[in-house]
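Enquirer: We have chain R; now place chain S onto it with these hints.
Chains R and S, in that order, give the protein sequences. Position one of the first sequence corresponds to residue 34 (this note's numbering), numbered consecutively onward. Position one of the second sequence corresponds to residue 13 (this note's numbering), numbered consecutively onward.
Calculated from the structure, these hints are not laboratory results. Possibly wrong hints are sitting among the right ones.
What the hints assert, rightly or not - Just a few of them, taken from the derived set where beta-carbon distance is under 10 Å, the chain S residues facing chain R:
(1) R30
(2) L34
(3) R67
(4) K84
(5) L176
Claimed, not checked - Partial pick of chain R residues on the chain S-facing surface, computed with a CB cut under 7 Å:
(6) Q75
(7) R159
(8) S160
(9) S218
(10) Y219
(11) P342
(12) H422
Using N, Cα and C, we set each Cβ at its ideal position, and we do this for glycine too.
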Amino acid sequence: MHTIMKLSGAEILVECLKREGVDTIFGYPGGSVLQIYDAIFQQSHFKHYLVRHEQGALHAASGYARISGKCGVALVTSGPGATNAVTGLADALADSTPMVCFSGQVPSALIGNDAFQEADVVGITRSATKHNFLVKHVEDLALIIRQAFHIATTGRPGPVLIDIPKDISINICEFEWPEVVNMRSYQPVTQGHPGQIKKAVRAMLACQRPVIYSGGGIMNAVGSASLLRELSHALNAPVTNTLMGLGGIPYDDPHFLGMLGMHGTYEANMAVSHCDLLIAIGSRFDDRVTGKLEAFAPDATIIHVDIDPSSISKNIHAHLPIVGDVGVVLKQILEEIARKNGAPDAAALALWWEQIAEWRSVDSLHFEQLPDSPIRPQRVIQAVHEITHGNALVATDVGQHQMWAAQHYGFRKPHRWVTSGGLGTMGYGLPAGIGAQIASPGERVVVFTGDASIQMCIQELATMYQYRLPIVIIILNNAYMGMVRQWQEMFYESRYSQSYFDSLPDFVKLAEAYRGTGLKVDKIEQLDSVLEQAFAIDNGRFVLVDVAVSKEENVYPMVPAGAALNEMVLS
Amino acid sequence: MRHTITVLVENEFGVLTRVAGLFSARGYNIESLNVAPIQDKTVSRMTIVTRGDERAIEQIKKQLNKLIPVIKVEDISHTVHLEREMLLVKVAACSDSYDALLALAESSGANIVTDHIDSHMIIELTGKAEQLDKFLLALTPYGIIAMTRTGPVGMRRDAKGFSLG
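Okay, chain R solo, but in the shape it has when bound (with noise of 0.2 Å):
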């Protein structure tokens, strides 16, 4: 029997959150979203993260989304509240996170009056979402919102904004739960085109030296990491991965050649630029990664397997493109790999394997830490790693320390890596592990950060400790906005315009003032006793370790902007 339910738009919100299967949302109240807040301060079904600011709602919902596998869901008020939130909505987009983000909107009589608090945060996130909405009438919100998470979550995922007017939270209808979502604008293309993987497969089989080259998409198409790997070892492919695709493949399987791109190693590289196949798996060919595009893979056929089409061939052409979900697609691939009982040519992959290993002898990211002399950041990593046996879920902020946490930390599995990569975003760090902490709770979340990223959004301090959230923050201090330092260094001739902090705040004394522990170490001999300290620390609190490291280390390798993947920089 049909029960008539008639429910508040704010009631609908939170009945149609309990539906969509949603249990944590980050937000910050104010005017025109009382009425919600008060509807789930009624409620018993999610729980509600209260941030310090709104950006910080949007990091922790992506920090959320990227760890659980779950849609990230935010509420922010409207006018600056809607405003704070671009900055992650834009970040969520670039980095392909699902997440919908609630506003409040003044009511809709006073909608174009240059309300209290108004903006037009339909316009002004419009190229910041990957669709947004504002409701008008009651009667659509659960629509709206079943569209929303559909959109969201499916297709290359994106955050989608749902604007709503007061009056929308105040106003009664009869609720309506629209079970299936069917637009007749918006439907992905999940498998792979059987022609094109007939063709793929070919060409695996034909190549002679392959490499694939897999992104973030392998973390959004939960399940496909395993598929990666039997790939690569049903080709003897060698791997590399970007920056959102790192934990994609073990970073100890020997198959995995690091991290390609402007920080990746010399034989991922080298092995990119001197490939006849490139296998691209849910990556999208950023300039970070291409280097000068006319020298990229020269040799190489190109597949693209992706769920976004407008990805494929923007950049690069693809010479065999295959539209649909990496998880499906790399299923088909192996299955008919499996059908057509071939291998790869052996004896021309032992030469390509001789050929790697000789590059990998070059070892691109050694560094050597002396006794006696500054700490070297990527000892810091390297410490974290060992005392975390390479286990942790790891967030960082934008810059020097998240390349050296890319380089030197190590993931064997995905999602548990949470980095501002498409966007990068100072701040993202510390609200990303907050995220990540609530997403798995009883896991060890390290957030890496840099003294110039952490004072962007450290006002989330407050809610680590409100929420007893006992994460371990490493700061790797040079008082530099190091990577504007490194670029200032290498192509400014080291004029340091305004990257250098005369002023910086005793995070010490900043983490207690917040209520966690502080322990600062400035010598290498203290390093490994501190982080021992800091990770035993057993009471619920944030742990923050104030790392004073060499103030002029650069990033290496590196491919300088606009050059060619194999003319890296080593040191």
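Expert: Relative to the frame of chain R, chain S by itself:
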């Protein structure tokens, strides 16, 4: 290369801004854009004239398809198709020029919409863009007071529809 792209979109709030915004955000040219609902009022049809090499056009089509309310995209440039545009032009008129203007309009297949012998007339012409250009050029000596053009709308000449089915 000039391309004419037709697009079916959900006839909903904001869809025109999404399409126009896509062109500006990604740096694509937009020469003209025309939009109106079709027989099914939930759907609008756009005709977009743009310029770019094959690669840019391919991206434009993909990016248009990526917009959620976009139902269908077709580049009709490579098909046998027709394009028509409408012009309204207000031209100065006086007793000396009146007959000549009438003759010019008639020979060009244009309609006189408003006619004030000693002041101005408004002429309507529908045709190919070049026809409109030519007509405007011929009118110039008489003094064009105001003009407006719709930009082209286009469709394939064959029996195939461009609809939801």
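Enquirer: What are the numbers of the hints that this structure violates, sorted from low to high?
Expert: 6, 12
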